[in-house]
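Chains as they are written, first to last, in our numbering: chain Y, 1 to 257; chain S, 1 to 385.
Hints may contain errors.
Label-pair restraints from in silico Cβ distances [as the list claims (entries may be wrong)]:
1) S/Leu-148 to Y/Pro-131: 44 to 50 Å
2) Y/Gly-201 to S/Leu-148: 53 to 59 Å
3) S/Gln-332 to Y/Arg-162: 54 to 60 Å
4) S/Leu-223 to Y/Arg-158: 51 to 57 Å
5) S/Gly-106 to Y/Gly-14: 44 to 50 Å
6) S/Gly-251 to Y/Gly-201: 55 to 61 Å
7) S/His-164 to Y/Asp-85: 36 to 42 Å
8) S/Gln-30 to Y/Ala-12: 33 to 39 Å
Think of the hints as simulated: they come from the structure by calculation, not from any bench.
Even glycine gets a Cβ: it sits at the ideal position worked out from N, Cα and C.
Single-letter residue listing:
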Amino acid sequence: MSLESSLRAKRAAGRKLLVPYVTGGLPGWDDAVRACAASGADAVEIGLPFSDPVMDGPVIQEASERALRAGATYPSILDSVRRLDVAIPLAVMTYYNTVHRAGHRRFASELAGAGIAAAIVPDLPLEESAPWTESADWAGVETVMLAAPTAPDERLVRIVARARGFVYSVGLLGVTGERDSLASTAATLARRVKTVTGSDGIPVLIGVGVSNAAQAAEACTVADGVVQGASVMRRMLDGGPDAVAAYVAEVRAAIAS
Amino acid sequence: MTLMAEPSDTGRFGEFGGRYVPETLVPACQELETAFRQAWADPGFRTELGDALRTFAGRPSMISECRNLGDRLGVRLLLKREDLNHTGSHKINNVVGQALLAKRMGKTRLVAETGAGQHGVASATAAALFGLECKVYMGAVDVERQALNVFRMRLLGSEVEAVHSGSRTLKDAVNEAMRDWVANVGATHYCLGSVMGPHPYPWMVREFHRVIGDEAYAQCQVLLDDVPDVVVACVGGGSNAIGIFSGFVDGRSRLVGVEPAGGAAVGRGQPGVVHGMRSYLMQDEFGQVLEAESISAGLDYPGVGPEHSHLASIGRAEYPSVTDGEVVEAFQALARSEGIIPALESAHAIAWVMREAHAMPGATVLVNLSGRGDKDVAQMMDLLA
Ligand SMILES: Cc1ncc(COP(=O)(O)O)c(C=O)c1O
Chain Y
1 MSLESSLRAK
11 RAAGRKLLVP
21 YVTGGLPGWD
31 DAVRACAASG
41 ADAVEIGLPF
51 SDPVMDGPVI
61 QEASERALRA
71 GATYPSILDS
81 VRRLDVAIPL
91 AVMTYYNTVH
101 RAGHRRFASE
111 LAGAGIAAAI
121 VPDLPLEESA
131 PWTESADWAG
141 VETVMLAAPT
151 APDERLVRIV
161 ARARGFVYSV
171 GLLGVTGERD
181 SLASTAATLA
191 RRVKTVTGSD
201 GIPVLIGVGV
211 SNAAQAAEAC
221 TVADGVVQGA
231 SVMRRMLDGG
241 PDAVAAYVAE
251 VRAAIAS
Chain S
1 MTLMAEPSDT
11 GRFGEFGGRY
21 VPETLVPACQ
31 ELETAFRQAW
41 ADPGFRTELG
51 DALRTFAGRP
61 SMISECRNLG
71 DRLGVRLLLK
81 REDLNHTGSH
91 KINNVVGQAL
101 LAKRMGKTRL
111 VAETGAGQHG
121 VASATAAALF
131 GLECKVYMGA
141 VDVERQALNV
151 FRMRLLGSEV
161 EAVHSGSRTL
171 KDAVNEAMRD
181 WVANVGATHY
191 CLGSVMGPHP
201 YPWMVREFHR
211 VIGDEAYAQC
221 QVLLDDVPDV
231 VVACVGGGSN
241 AIGIFSGFVD
251 GRSRLVGVEP
261 AGGAAVGRGQ
271 PGVVHGMRSY
281 LMQDEFGQVL
291 EAESISAGLD
301 YPGVGPEHSH
311 LASIGRAEYP
321 SVTDGEVVEA
331 FQALARSEGI
341 IPALESAHAI
351 AWVMREAHAM
361 PGATVLVNLS
371 GRGDKDVAQM
381 MDLLA
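Chain Y on its own, in the form it takes in the complex (with noise of 0.2 Å):
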């Protein structure tokens, strides 16, 4: 299933998207994605666990180290993953040097084999993306690109040309993690990407520092959707799949109104 397609498909029936973000390899993840599915996802990122996660803050940070302790690796997950089962697309976050030390070729195909449809690398900007892009297009996985409020418009113009999936547009200046106030460079941004995308071309979203259900329907008036990161994961480790079920409901409601 193409992420991409799909998220058009829903965007034209007049749909906001909606994308919770689950680091793998936590006790219950696999639950908290089917719980995701469940409650109103249309795409979910499953984070494959660092152990130097440079753009995530203390909450995602905590969930990697705790998954990474638990034992957890990407063929694990992967394999995991294979037994999902849910509907809708699945995309990985990665760092690179997982990437990078399986081999492009290999690693694309691996996530290919596990029905994933996407990924998404954030350390991994333009300029060093062509070893790990060639491959993933050879192996019919789509790259996220991922757009900060510092690039100037000619910069946007290359980025959302390579993106396939969505546009990530990065929220703020800063790492994941929950803030009061959704930035005022997320809608800046948003809005520069969607100069350049068109209003029917590639979807965007804006993630990074959306961080409860009314800053993602404040997002979603510019944005096609969000993605939710640490507000879903402070969820997972206080309360597990359940509360994450819940809050995913709860911003869906909130997006759809």
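Since chain Y is already given, all that's left is putting chain S with the ligand on it; use the hints.
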């Protein structure tokens, strides 16, 4: 053509280096590269930097001959005395350069990572001198074993934050400094402390430390009328080593970078990508970065600067390792025989010479004594008492 020329357009030394940073930081790295290129070509900047190194950092640093230890080992042993620089190590060379550059770029704040605290102290010092705000990230383990340096940084007006994630040492301090930079990229310059990180850092930091090699080359010409047979330095990220290597890389000297046994990136690592660069990295089969383990906080790092990976892969430099035990012995030997207490980092280079001298009788060996041991005295007191 020198072997240690500018990296490629994409910041590569051979197949190592590059710029693997989150999108947010790409424009900042580009801006820094442009600013450094312009400053480095500007005689005014060079003069300003040279003046600061001379009148503030105390350069040039001298070369001392170790007759007692040298005689015992059967080699001619010379030390490049970076330990005598202001703030006690080579780190000041780079920091003065970056602080001047940050001012030139209109930045008002520095962030830095530190292991042993020497780069943190140097950054705090330069920030005080040049009127910049400064925040230093330091692993919680290192905050404990380098308590004096933490207090020094605070005395100098910097904020020090202990990092509790991961292995709670240097690699995690780098992560946290990068996270800070991502969040504050407008007014903040990331004052990286070694020849590592994304392009242009490995190149820029090398250029700021080239002064060590340039001076040492000229000093050896006077003293030996020749280059030394062997040039030795300890390697954490590799800045003091690259600095002294730069003076000798195009000649006949054997170049030796000494890693700690518990942090042997070149010796035990495979190519990997972390902290913005592709370089040798201690990692497991799935690419998880392994925790380094060394008695010396400044070398407790699982990676290494990309130019060292390049020099290793083309066979121009070699990267053996020494054990903590050998380091403790070398630390005491230099103190007792020469009246010089070295930094634990620098003691790695001495330890290698002590172990290998028998295989190079009569050789002239130049060691970069990257720092002094004051900061390590409390730790050694606990260990040896
Ligand atoms: C005295 C001294 N030498 C060496 C190092 C290691 O750094 P590098 O390998 O960049 O020279 C440090 C780092 O803290 C240090 O304090």
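Has the hinted range 51 to 57 Å been met by the Cβ atoms of S/Leu-223 and Y/Arg-158?
holds (54 Å)
Is 55 to 61 Å respected by the C-beta to C-beta distance linking S/Gly-251 and Y/Gly-201?
holds (58 Å)
Given a hint of 53 to 59 Å, does the C-beta separation of Y/Gly-201 and S/Leu-148 actually sit inside it?
Because 58 Å falls inside the window, the suggested range holds.
Against the range 33 to 39 Å, how does the distance between the Cβ atoms of S/Gln-30 and Y/Ala-12 compare: consistent or not?
For Y/Ala-12 against S/Gln-30, whose Cβ atoms are near 38 Å apart, the range 33 to 39 Å holds.
Range first: 44 to 50 Å. Now tell me if the beta carbons of S/Leu-148 and Y/Pro-131 are that far apart.
holds (46 Å)
Lying within 36 to 42 Å: is that true of the beta-carbon distance S/His-164 to Y/Asp-85?
holds (38 Å)
Falls inside 54 to 60 Å, the C-beta gap from S/Gln-332 to Y/Arg-162?
holds (57 Å)
For the pair S/Gly-106 and Y/Gly-14, does the Cβ-Cβ distance stay inside 44 to 50 Å?
holds (47 Å)
Hint compliance for this structure: every hint is met.
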